[in-house]
Amino acid sequence: MLSILKDLERAELGHSGVHVKMLAAPINPADINMIQGTYALLPDLPAVGGNEGVGHVVEVGSHVTSLKPGDWVIPADAELGTWRTDAVFSEETLVKLPRDIPLLCAATLSVNPCTAYRMLADFETLGPGDSIIQNAANSGVGQAVIQIAAALGIKTINVIRDRPNLQEVVDRLTSLGADHVLTEEMLRKPEMKDLFKKVPKPRLALNCVGGKSATEMLRHIQQKGTMVTYGGMAKQPVTVPVSAFIFKDVKLRGFWMTQWKKDQTQSKLKVIPVGM
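Following our numbering, the numbering of the sequence shown begins with 1 at its first residue and continues without gaps.
Calculated from the structure, these hints are not laboratory results.
A hint or two may mislead.
Derived pair list, reagent style BS3-like, types lysine-lysine, alpha-carbon separation capped at 25 Å [as the list claims (entries may be wrong)]:
| hint | residue 1 | residue 2 |
| --- | --- | --- |
| 1 | K212 | K96 |
| 2 | K251 | K261 |
| 3 | K248 | K224 |
| 4 | K248 | K212 |
| 5 | K193 | K235 |
| 6 | K155 | K197 |
| 7 | K251 | K193 |
| 8 | K155 | K193 |
| 9 | K235 | K198 |
| 10 | K224 | K212 |
| 11 | K189 | K212 |
| 12 | K155 | K96 |
| 13 | K21 | K68 |
All chains should be built: construct the whole structure from the sequences, respecting the hints.
Below you can see the structure in the form of structure tokens.
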């Protein structure tokens, strides 16, 4: 795919259109993968990049009932093409937001925080005092996991890569509510035994990296625990020791927010016959 800056003619508003001026739109790894043509979901070409962002409604068509000028909106799903100054979208592709959400939070609301919440809620039944472990803890999803888990009383063991400004990153994650922040190298050290005297071994591992990082996290999860893979930043396969399957009976799952949304939409559309 070729990525260029181009002026496009804005579509007509019509009866059901919503004219939106984009206020902010982030760049996620999935956006780059789409441009590269390597993502599982690819728009028809020519296409505009950007899967999330926040915009402000300028004008609405005469048949639009859920939105009005001045409202803030985000995409209801991926592929809307948010990397543009403004556009006309159909009403059903947009979700209205409260105006008290900070701009940058609104722009990044529909992907990372949702992914974090669903992974915490859908794979293991966790309660106050339980723990989870995650790599790429300084990512958008990782930071959302930290904050949501802290609000729920769930302890987080957060793994990041070593770097020159390591303490700065540790301090930032700790300020968000992280209980423990470790480098990937520390996962192999004997000191991990001391850590698990203070906090229970995690029942849930969240993997965004793959490769050795995922394998090392598996060594520390509880019997019958679950590792959920939602990214592959290392571009290396997830390798699982046979012993983890046999002796710990671990479960390996995957998560993709786009597919979760599709599943929820399909379940709502199912017609349940009612007996007379």
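*Mind listing which of the numbered hints don't hold for this structure, in increasing order?*
1, 5, 9, 12
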